[in-house]
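Colleague: First to last, the protein sequences are chains A and B. Going by numbering that gives the first Met the number 0, the residue at position 85 of the first sequence is 84; the numbering climbs one at a time, nothing skipped. Going by numbering that gives the first Met the number 0, the residue at position 195 of the second sequence is 194; the numbering climbs one at a time, nothing skipped.
Where hints are given, some of them may not hold.
To be verified - Residues from chain B that keep clear of chain A, each with C-beta distances beyond 10 Å, as calculated:
| id | residue |
| --- | --- |
| 1 | Leu16 |
| 2 | Gln29 |
| 3 | Tyr151 |
| 4 | Arg157 |
As the list claims (entries may be wrong) - For lysine-lysine, the following DSSO-like pairs were computed, each having C-alpha atoms within a straight-line distance of at most 30 Å:
| id | chain 1 | residue 1 | chain 2 | residue 2 |
| --- | --- | --- | --- | --- |
| 5 | A | Lys74 | B | Lys181 |
| 6 | B | Lys150 | A | Lys116 |
| 7 | B | Lys35 | B | Lys150 |
| 8 | B | Lys134 | A | Lys74 |
| 9 | A | Lys41 | A | Lys74 |
| 10 | B | Lys50 | A | Lys65 |
| 11 | A | Lys210 | B | Lys181 |
| 12 | B | Lys150 | A | Lys74 |
| 13 | A | Lys65 | A | Lys217 |
No lab work stands behind these hints, which were simulated from the structure alone. Predicted, not measured: the structure shown is a model, and the values here were computed from it. Where a beta carbon is used, it is the ideal one built from N, C-alpha and C, also for glycine.
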Amino acid sequence: MKTYFETPTCDECKSRFNNVFCSLTGEQVTEMSLDKNCSMYKKGQLIFYEGNRPSGVYCINKGKIKIFQTGEEGKEQILRLAKEGDVLGYRAMISGDPYSASAAVMEDAVVCFIPKKTFFGFLQGNSELSSNMMMLLSHDLKEAESRITGLAQKPVRERMAETILMLQEFYGLNGNDDTINASLSREDIANIVGTATETAIRILSDFKNEKLIELQGKRIKILNHSGLVKAAHIFE
Amino acid sequence: MAKYTGLEEIIKNYKDLIPLVFHKNELLFQEGESAKGIYCIESGNVKLSKKEANDGDRIVHLAAKGEILGLHAVVNRHNYTNSAVALTKTHSCFITADDFLKLIEDNNTYKLLVMKSLCSRIDTMENHINRISDKPSDERFADTLLMLVNKYGLNRSRELNIHLSLDEIASFTCTSKSYMKKIISDFSQRGLISFSGGIINIRNLPQLENIVNLSSKAALPS
Chain A
0 MKTYFETPTC DECKSRFNNV FCSLTGEQVT EMSLDKNCSM YKKGQLIFYE GNRPSGVYCI
60 NKGKIKIFQT GEEGKEQILR LAKEGDVLGY RAMISGDPYS ASAAVMEDAV VCFIPKKTFF
120 GFLQGNSELS SNMMMLLSHD LKEAESRITG LAQKPVRERM AETILMLQEF YGLNGNDDTI
180 NASLSREDIA NIVGTATETA IRILSDFKNE KLIELQGKRI KILNHSGLVK AAHIFE
Chain B
0 MAKYTGLEEI IKNYKDLIPL VFHKNELLFQ EGESAKGIYC IESGNVKLSK KEANDGDRIV
60 HLAAKGEILG LHAVVNRHNY TNSAVALTKT HSCFITADDF LKLIEDNNTY KLLVMKSLCS
120 RIDTMENHIN RISDKPSDER FADTLLMLVN KYGLNRSREL NIHLSLDEIA SFTCTSKSYM
180 KKIISDFSQR GLISFSGGII NIRNLPQLEN IVNLSSKAAL PS
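The task is simple: from the sequences and hints, build the whole structure.
Modeller: Structural data, given as structure tokens:
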């Protein structure tokens, strides 16, 4: 079956002004639009694989993507989630190293590939983009640091509460029923929290019994925000 | 291990560099204070730690000669996100935040080096996250020892070229102090290491590698 699919242009991309490429000039946007390739990915498909060498960066036009590493016994550890407007693979591109993680689609996605040459051309020629990229990496580093303290110290229950709050903040709410705008499998949630799937299911049902959240299949709705913040032990 | 990116050279060649010497346990900078500049370690070892909610300190990184500290805080113009304390007498050179930002302002090649340097640190952090998550404490410890051997090397008596207290080892491997003590005594009895007064002696490297490899072999997809 062939799915009708129209290549998005960078000009018309809704995400253009809230990602790192927002500082590109009109001319550069046209150049990027001509150089890139866009593909549609189905749920579960891989965009790049840990250990492979990058040949460009990926820009998400639509959809939800997880960045993960495969650890002990093939278990996934989800490092980050991404959504429209996010750019993927820039770290491997800049450092020249193989990908340190894989990217797979969680909800059907349209992703554009920007070749290495175009990407570095922009970095060299656009001072603001270089600065933005530097800030983005600084932010990533700060996040990685915080993850270490979070992982080391917080018990699973607190990490789960934190994850649910993070999902809401990151993906926002569905306008119709106020559920979090992402349907993640229980396994994905467990892999974000860094725990076994059974444990994740148990804690989710604890939260449900405590009326902190409501579960509608894969959808999660936060019923008691302050209760969840309390459960997450967030001080900041 | 920190990858050489060339940014070190550029900082070292800067005209208004301030040389600084820190004694053991002296603070280079503190988490939360506004980022006044960037430190480049010329000799010595530095630990980077973050405050935790229960008033404890979590070591997030151990830095060695050639590493650059405070870079992401300066670039993002926010406060230092961790505290840096010298583990031994440490020589470093210092460039103020304003000087550094001016230095790279109009130079996209320099900015690319900053990016590379940041990437290298993020990789180190993510490897560390992998080391400490979802593994039993003894594997975490063995894996951490291998990383330290790789990064700091051993002297002639097969002692690690970095001295760490029991507290510091426990904090870095995310294990409680009492349990860490137990693991160290277990490793000592098995003839893998010996530990006294902050000095870690590596007595059986292949066996330590085995402990780590056995678990990663199990991780290969069948």
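Colleague: Work down the list of hints and note, for each, if the structure agrees.
Modeller: Quick rundown of the hints versus the structure:
1. Leu16: Holds: least Cβ distance 21 Å, greater than 10 Å.
2. Gln29: 15 Å, holds
3. Tyr151: For tyrosine 151 (chain B), whose nearest Cβ neighbour in chain A is about 20 Å away, the distance exceeds 10 Å, so it holds.
4. Arg157: Holds: least Cβ distance 29 Å, greater than 10 Å.
5. A:Lys74 <-> B:Lys181: 28 Å, holds
6. B:Lys150 <-> A:Lys116: 34 Å, violated
7. B:Lys35 <-> B:Lys150: 28 Å, holds
8. B:Lys134 <-> A:Lys74: 12 Å, holds
9. A:Lys41 <-> A:Lys74: 21 Å, holds
10. B:Lys50 <-> A:Lys65: 29 Å, holds
11. A:Lys210 <-> B:Lys181: It is violated: about 41 Å lies between the C-alpha atoms, which goes past 30 Å.
12. B:Lys150 <-> A:Lys74: 28 Å, holds
13. A:Lys65 <-> A:Lys217: Since the Cα atoms of lysine 65 (chain A) and lysine 217 (chain A) sit roughly 16 Å apart, the hinted pair holds (cutoff 30 Å).
The structure shown violates the earlier hints numbered 6 and 11.
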